[in-house]
Amino acid sequence: MSTMEIRKRGEPVLEQTRTAAMAAMAPPVDVYENTQELLLVADLPGVAKDGVRIELEKGLLTIEGRRPTPTVGEQVAGEYRIADFQRVFSVPPGIEATKIDAELSGGVLRVHLPKSEGVKPRRIEVRAS
Amino acid sequence: MLTRFSDFDPTFSLFDELRRRMERVWEDFDEGSTPSLQAATVWPKVNLYDGGASFVLTADVPGLAEKDLQVTLHDGALTIAGERATKAPEGYAVHRQERGSVKFTRSLALPCKVDAENTTASVKDGVLMLTLRKAPEAQPRAIAIRAS
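Line by line, the protein sequences are chains B and F. Using the numbering used here, read the first sequence as starting at 1 and increasing by one per residue. Using the numbering used here, read the second sequence as starting at 1 and increasing by one per residue.
The set of hints was computed from the structure by calculation and includes no laboratory data. Note that beta-carbon positions come from the ideal geometry of N, C-alpha and C, so glycine has one too. One should not assume that every hint holds.
Said to hold, decoys possible - Non-contacting residues of chain B with respect to chain F, defined by C-beta distances greater than 10 Å in every case (computed):
#	residue
1	Ala24
2	Glu33
3	Asp43
4	Val88
5	Arg123
6	Val126
As the list claims (entries may be wrong) - Below, in silico cross-link-like pairs of lysine-lysine (DSSO-like), each with a Cα-Cα straight-line distance of 27 Å or less:
#	chain 1	residue 1	chain 2	residue 2
7	F	Lys103	B	Lys120
8	B	Lys49	F	Lys113
9	B	Lys120	B	Lys99
10	F	Lys124	F	Lys67
11	B	Lys49	F	Lys124
12	F	Lys67	F	Lys45
13	F	Lys113	F	Lys124
14	F	Lys124	F	Lys103
15	B	Lys49	B	Lys115
16	F	Lys113	F	Lys45
17	F	Lys87	B	Lys115
18	F	Lys45	B	Lys49
19	B	Lys49	B	Lys120
20	F	Lys67	F	Lys87
21	B	Lys120	B	Lys58
22	B	Lys115	B	Lys58
23	B	Lys99	B	Lys115
24	F	Lys45	F	Lys124
25	B	Lys99	B	Lys58
26	B	Lys58	F	Lys87
27	F	Lys103	B	Lys99
Generate the whole structure from the sequences, applying the supplied hints.
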């Protein structure tokens with residue numbers, strides 16, 4: 001299986017996405033693979049469980065995280081922008097779309113993309129004749 | 001142009017300044033393309049809010065819990081230290097790794113004296129939030145205007 005093609009950070013998001021998403025930030029992502037699945041890990045600080053949306057359509061996996069603006073007072077210094085997260089990946093064939101599973105813990109999202117039986121490696125036993 | 005006050009020779013300090021500015025140009029140019037390098041330069045990034053009676057400092061620390069962070073307050077300097085290791089899970093091949101592993105210590109000068117006893121820290125959804133209560137002498141105070 002080839003590696004996932006991933007949109008580069010800073011590259012504009014797809015045209016069909018909402019205009020609000022234009023201001024979204026691309027989170028840093030790790031992509032791992034074993035014989036059973038592809039695993040995608042993304043940093044989404046400040047995003048709660050109900051603020052995450054994951055969608056697979058036409059081979060494109062979209063991850064979105066809504067980040068609320070803190071209401072703690074007037075900002076006096078800032079090193080980062082509070083914005084929603086969004087990133088789009090093209091998913092290789094051979095992924096069981098219905099079995100995609102995700103968990104969010106401490107601002108880190110993990111998306112498990114299980115491989116379908118056809119692409120899993122298989123050992124062929126040799127029979128003695 | 002600002003130069004650091006510790007520079008003893010203005011000629012060299014100008015060279016230093018030039019070098020720093022050139023580095024900044026590359027940083028701007030790099031923005032977005034090398035998140036792990038960027039993350040390594042300043043981590044965690046912080047925001048500071050003034051809530052009247054207290055300052056609120058937030059820092060993005062995805063993947064870290066309370067036990068992974070040390071926060072100390074000493075003489076108006078706030079220090080945040082910790083470590084984040086992003087290793088590939090056992091048995092997995094790595095295709096892409098943008099989430100950097102960092103060991104960090106950041107010291108920040110606070111804008112005014114704060115009451116260390118009444119400082120609270122919490123981590124929620126990967127964001128560290130520190131509430132730093134301003135010292136009594138730094139609290140905003142309304143001055144009543146007397147009619148004469």
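| task | Please work out if F:Lys45 and B:Lys49 have their alpha carbons no farther apart than 27 Å. | result | Holds, at about 22 Å.
| query | Would the least Cβ to Cβ distance between B:Glu33 and chain F come out above 10 Å? | reply | violated (5 Å)
| message | Would the hint linking F:Lys87 and B:Lys115 be met if the CA-CA limit is 27 Å? | response | Holds, at roughly 22 Å.
| field | Holds or violated: F:Lys113 to F:Lys124, with C-alpha atoms at most 27 Å apart | value | holds (26 Å)
| query | Can we confirm that no CB of chain F comes within 10 Å of the CB of B:Arg123? | reply | holds (17 Å)
| task | For the pair supplied as a hint, B:Lys115 and B:Lys58, confirm whether the alpha-carbon distance does not exceed 27 Å. | result | holds (17 Å)
| Hey, B:Lys58 versus F:Lys87, does the alpha-carbon distance stay inside 27 Å? | Since the Cα atoms of B:Lys58 and F:Lys87 sit roughly 31 Å apart, the hinted pair is violated (cutoff 27 Å).
| request: Measure nothing beyond the straight line between the CA atoms of F:Lys103 and B:Lys120; if it is 27 Å or shorter, mark the hint as holding. | output: violated (37 Å)
| query | Keeping to a limit of 27 Å between CA atoms, is the pair of F:Lys67 and F:Lys87 held or broken? | reply | holds (19 Å)
| query | Are the Cα positions of F:Lys124 and F:Lys67 separated by 27 Å at most? | reply | holds (13 Å)
| request: Grab the minimum beta-carbon distance between B:Val126 and chain F and tell me whether it stays above 10 Å. | output: Nearest chain F Cβ is 26 Å from B:Val126, so the label holds.
| query | Can the restraint linking F:Lys124 and F:Lys103 be considered satisfied, given a maximum Cα separation of 27 Å? | reply | holds (20 Å)
The structure does not agree with the numbered hints 2, 3, 7, 8, 19, 26, 27 stated previously, though it agrees with the rest.
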